[in-house]
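Engineer: So you can see what is in the structure, the chains are spelled out below.
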Amino acid sequence: MRLIFSLMIVLLAFGTLSAQNFNFDKIYGDASQYTVAVNLVIEVSFGTQTTEAKNRGIGSIVSDDGLIMFDGKPIDSEDPFSIMSGMQVSADPKSIEVVMMDGAKYPAEFIGIDRFTKIGFCRITTEEKKKFSYVRFKDIKSFRVGEWLALYTLLPEYVTPQLGADIGLISANIVEPEHFTLTAGFNELEIASILYDSMGTPVGVLGDLENPALSGFDASRMMESFATMEDFVPLLGVIGADRLNKLIKDPPKRGKIDRGWLGIYLQALTPDIAEFWNVATKGGIIVNEVVKDSPADSAGMKTGDIIVQLEGKPVEVNKEENLPVFQKKISELGAGASVALTVLRRGDPGIDTLELTVTLAPAPISPAEAPEFEDTNFELKIRDMVFADYNIFNLNPDFKGVVVKEVEPGGWAAVGGVMPGDIIQSIDGAKTDSVDDAQAALDMVGEEQPAEVVFFIYRDSKTMFVNIKTDW
Amino acid sequence: MKKSFLVLVLLAMACKVGLAEVSPLQQEIYMARDRVLPALVHIQPVITDFRTGKMRKQSVVGSGVIFHKDGYVVTNYHVAGKAERIICTMPDKEQVKAELIGGDPLTDIAVIRLDLSQYSGNIQIVELGDSDQLQVGQYVLAMGSPLALARSVSCGVISTTDRFFPGETRLPSGEKTGIYNNWIQTDAAINPGNSGGPLVDLNGRVVGINSRATLFANNIGFSIPINIVKEVVKNILEKGKVTRSWIGVQCQELQNLESWFGTELNEGVLIASLDAKSPAEDAGLKAGDIILKMDGQPVSARFAEELPAFYKKIADHPIGSIIAMTVRREDKTIYVNVMTHELGEILGEDLECKEWGFTVKGITKQMAIENLLEDTLGVFVSGVKRVGAAAEAGLLRGDVIQGLNEKPTLTFQEFFDVYNEMVESGVEKVLLTVKRSESTKFVLIKVNNHKTAEENK
Numbered sequence: 001m002r003l004i005f006s007l008m009i010v011l012l013a014f015g016t017l018s019a020q021n022f023n024f025d026k027i028y029g030d031a032s033q034y035t036v037a038v039n040l041v042i043e044v045s046f047g048t049q050t051t052e053a054k055n056r057g058i059g060s061i062v063s064d065d066g067l068i069m070f071d072g073k074p075i076d077s078e079d080p081f082s083i084m085s086g087m088q089v090s091a092d093p094k095s096i097e098v099v100m101m102d103g104a105k106y107p108a109e110f111i112g113i114d115r116f117t118k119i120g121f122c123r124i125t126t127e128e129k130k131k132f133s134y135v136r137f138k139d140i141k142s143f144r145v146g147e148w149l150a151l152y153t154l155l156p157e158y159v160t161p162q163l164g165a166d167i168g169l170i171s172a173n174i175v176e177p178e179h180f181t182l183t184a185g186f187n188e189l190e191i192a193s194i195l196y197d198s199m200g201t202p203v204g205v206l207g208d209l210e211n212p213a214l215s216g217f218d219a220s221r222m223m224e225s226f227a228t229m230e231d232f233v234p235l236l237g238v239i240g241a242d243r244l245n246k247l248i249k250d251p252p253k254r255g256k257i258d259r260g261w262l263g264i265y266l267q268a269l270t271p272d273i274a275e276f277w278n279v280a281t282k283g284g285i286i287v288n289e290v291v292k293d294s295p296a297d298s299a300g301m302k303t304g305d306i307i308v309q310l311e312g313k314p315v316e317v318n319k320e321e322n323l324p325v326f327q328k329k330i331s332e333l334g335a336g337a338s339v340a341l342t343v344l345r346r347g348d349p350g351i352d353t354l355e356l357t358v359t360l361a362p363a364p365i366s367p368a369e370a371p372e373f374e375d376t377n378f379e380l381k382i383r384d385m386v387f388a389d390y391n392i393f394n395l396n397p398d399f400k401g402v403v404v405k406e407v408e409p410g411g412w413a414a415v416g417g418v419m420p421g422d423i424i425q426s427i428d429g430a431k432t433d434s435v436d437d438a439q440a441a442l443d444m445v446g447e448e449q450p451a452e453v454v455f456f457i458y459r460d461s462k463t464m465f466v467n468i469k470t471d472w
Numbered sequence: 473m474k475k476s477f478l479v480l481v482l483l484a485m486a487c488k489v490g491l492a493e494v495s496p497l498q499q500e501i502y503m504a505r506d507r508v509l510p511a512l513v514h515i516q517p518v519i520t521d522f523r524t525g526k527m528r529k530q531s532v533v534g535s536g537v538i539f540h541k542d543g544y545v546v547t548n549y550h551v552a553g554k555a556e557r558i559i560c561t562m563p564d565k566e567q568v569k570a571e572l573i574g575g576d577p578l579t580d581i582a583v584i585r586l587d588l589s590q591y592s593g594n595i596q597i598v599e600l601g602d603s604d605q606l607q608v609g610q611y612v613l614a615m616g617s618p619l620a621l622a623r624s625v626s627c628g629v630i631s632t633t634d635r636f637f638p639g640e641t642r643l644p645s646g647e648k649t650g651i652y653n654n655w656i657q658t659d660a661a662i663n664p665g666n667s668g669g670p671l672v673d674l675n676g677r678v679v680g681i682n683s684r685a686t687l688f689a690n691n692i693g694f695s696i697p698i699n700i701v702k703e704v705v706k707n708i709l710e711k712g713k714v715t716r717s718w719i720g721v722q723c724q725e726l727q728n729l730e731s732w733f734g735t736e737l738n739e740g741v742l743i744a745s746l747d748a749k750s751p752a753e754d755a756g757l758k759a760g761d762i763i764l765k766m767d768g769q770p771v772s773a774r775f776a777e778e779l780p781a782f783y784k785k786i787a788d789h790p791i792g793s794i795i796a797m798t799v800r801r802e803d804k805t806i807y808v809n810v811m812t813h814e815l816g817e818i819l820g821e822d823l824e825c826k827e828w829g830f831t832v833k834g835i836t837k838q839m840a841i842e843n844l845l846e847d848t849l850g851v852f853v854s855g856v857k858r859v860g861a862a863a864e865a866g867l868l869r870g871d872v873i874q875g876l877n878e879k880p881t882l883t884f885q886e887f888f889d890v891y892n893e894m895v896e897s898g899v900e901k902v903l904l905t906v907k908r909s910e911s912t913k914f915v916l917i918k919v920n921n922h923k924t925a926e927e928n929k
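Protein chains in written order, with our numbering: chain Z, 1 to 472; chain H, 473 to 929.
Simulated from the structure, these hints should not be mistaken for lab results. Be a bit skeptical, because a hint or two may be false.
Unchecked claim - Straight line, CA to CA, 30 Å or less: simulated BS3-like cross-link-like pairs of lysine-lysine:
id, chain 1, residue 1, chain 2, residue 2
1, H, Lys529, Z, Lys282
2, Z, Lys292, Z, Lys319
3, Z, Lys282, H, Lys713
4, H, Lys758, Z, Lys319
5, Z, Lys292, H, Lys913
6, Z, Lys246, Z, Lys26
7, Z, Lys462, H, Lys706
8, Z, Lys302, Z, Lys249
9, H, Lys758, H, Lys529
10, Z, Lys292, H, Lys879
11, Z, Lys400, Z, Lys431
12, Z, Lys328, Z, Lys73
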């Protein structure tokens, strides 16, 4: 649906824009050296059904040893569209194949995906001691509105040549909710294509501005404040060379969490509540709850505190929809960062102003990032518990187990009565505090091959024993 | 025209012939009918519902049967348990008022009393049978007001005597039910409106109270066994309610688990789960423990059908007394004394906060357990009006209000008093301190804004 819509825009765009003074022959010559097609095989699941899907997208070689950056959206497990449709995308591609413009094919190994730009990284794995041509980005400090940019995007597989040009212009330099150079004339299918200035110099790649209303999007929040259609129209623009070069130098690794985390539940300080509490500020963050032993807890933050400044700059969050702007800032400051917060504490009488310094912790991993294990005998997939599980199920921190992610219908586990969402606390008497424990327990069961295995599970806030009949 | 007249006459003759030679079965059905139909009551209560964020009155229809000469009628809790007022239609089609005497959601039984001062007819009472003697295949009649069609009789057999429903069965008002009994299943037609009506054997004795039908199915109806009803009714007549003991265990059938736990067949009851801060937890019981004996008596639940009777055994224990348990834990036998507590009310009192656009309930111990609340402090938001000051402020059903304008309201009474005070003094802004999941939320309700908006309409 989104694809068809975007395709229509492609056709319109090609028809309406006039060419500028770009040397397209030169740009094509350069682009075809380091532009590649990245074929991903990904796992997509709807409820309990999992299927494999292929995805072909554009990528660019960014170092001579075959480091490649590509559009990571297809493997973004936090994509709001997927979440809305109930689709779950596995964060790891099953396999990656890189196809050069001359037709050469190489396998590649997945490295990771940048949470903010959604740019993915992989590296070609080849026996040949080959030096690859690669793109070098030039850092342009500022773009002028009206300046033209060109790109070569990947065309469908059945056409030759594989690259097609497009042009667009800088349409605005956005400052809120974050600095972003907006373009006009490009379309969503061209995301991750290299942008060239009129001299034919690579200056960045096409990306999109993350809508704060959709970042950290989860289904429950959607029910509370329904996103409007406007929220889903992408704003395309330049991901600049400074950012790309940083990523290329230190590609984000899967499983390495560097997002910053305060450890508070939060609420926007609306004008109404500000007035009620007699707080003279344009907005702020009400601290609803402080997670025990979190950075906020260590810094002495308390329920009812109001965060009004972050790193000396006012936090002007005055409606719930803008909360993600604050959350994203904390996230981007990164784990380990020392952050200055100005906090108002309502007392009796009057209001105290506190200056707190908080050292951010790594953010808890999401369920999609959690280590998982698939057992082929029982035909079920389990994963480690994550911070979010404790909130959703309202569990004590000392509660332990592994979450059932998938159960193959008709398999031993399914017939025995195990359901997705169950938390397995022990298998055959052995405690399963992590997938490692569970794997060990299942391996043991696999060796002994008993006729029945008993799982102790937690479901609907109660525990129960499940007897699973085996058939080795 | 002529032809149809002829057919009618023939039919009439056939009937006459039929009457003259009644089969023994037909005679029994007539006899059972004559013993119960004159005691059958069509019940029309007005019940209150707070789940939409305001107090809503609702007229419902059910059935009941007179079992006591003073005009006591037994029916379902989901028919009359929340009744504000009740109008009954007697078998002779005269209408009389009735009052609620008491109800028990856990068994879905309520007792009402007819106001016989208004009634000139004679009342007949039914005889209650023995549901333990029922047999599968035995003929039964169901009587009542299916779809409000009063004085309807249907006939069938008992399909099974001990139907068990895994998972939770809930009444429309939200309480769990059917914990202490299995159900009689019958193929005698039971439809909405039959609720509370009698299931009758061919001796004309009431053997069950019809209470459930199955959506999208035919000939699958369920009755509460009369032996359970008799006890509940006795308690309601004596105390106005049923009191029970509680220790906070959920048990599970041992079938297929015997070899793993190393128990004999038909030995012991398996504890699957314990309520937090329950007497059972305090006594040190654990999930996986197998109760072999209670007060010296062996207990067992190999099949799920045996669980309701076990729960009833605990519930029937005197409140505040010790249950001496012999428990098997792994390969040891241990002895555990569990002090029973009163189960208490399932749901708390209701209050409509009309000016603010939501309804609240007092929080009972059982509500706290069910909703995973840490304690019973505060009031539970049972409904938020779709359009109203509270909805606009973002209050949600399930929130627990613990303060009004930062003044703690930790009991229903405190909340009730502060609410009334604030409404009387015409407070325009109210800051609710709300517990939602693990977190505290501040919800600001603007009372006046909303009022003018509504008045403008």
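Engineer: Could you run down the list of hints and mark each one as holding or not?
Structural biologist: Hint check:
| no. | hint | in the structure |
| --- | --- | --- |
| 1 | H:Lys529 x Z:Lys282 | violated, 45 Å |
| 2 | Z:Lys292 x Z:Lys319 | holds, 26 Å |
| 3 | Z:Lys282 x H:Lys713 | violated, 56 Å |
| 4 | H:Lys758 x Z:Lys319 | violated, 47 Å |
| 5 | Z:Lys292 x H:Lys913 | holds, 18 Å |
| 6 | Z:Lys246 x Z:Lys26 | holds, 27 Å |
| 7 | Z:Lys462 x H:Lys706 | violated, 33 Å |
| 8 | Z:Lys302 x Z:Lys249 | violated, 39 Å |
| 9 | H:Lys758 x H:Lys529 | violated, 45 Å |
| 10 | Z:Lys292 x H:Lys879 | holds, 26 Å |
| 11 | Z:Lys400 x Z:Lys431 | holds, 9 Å |
| 12 | Z:Lys328 x Z:Lys73 | holds, 18 Å |
Of the numbered hints given earlier, the model fails hints 1, 3, 4, 7, 8, 9; all others are met.
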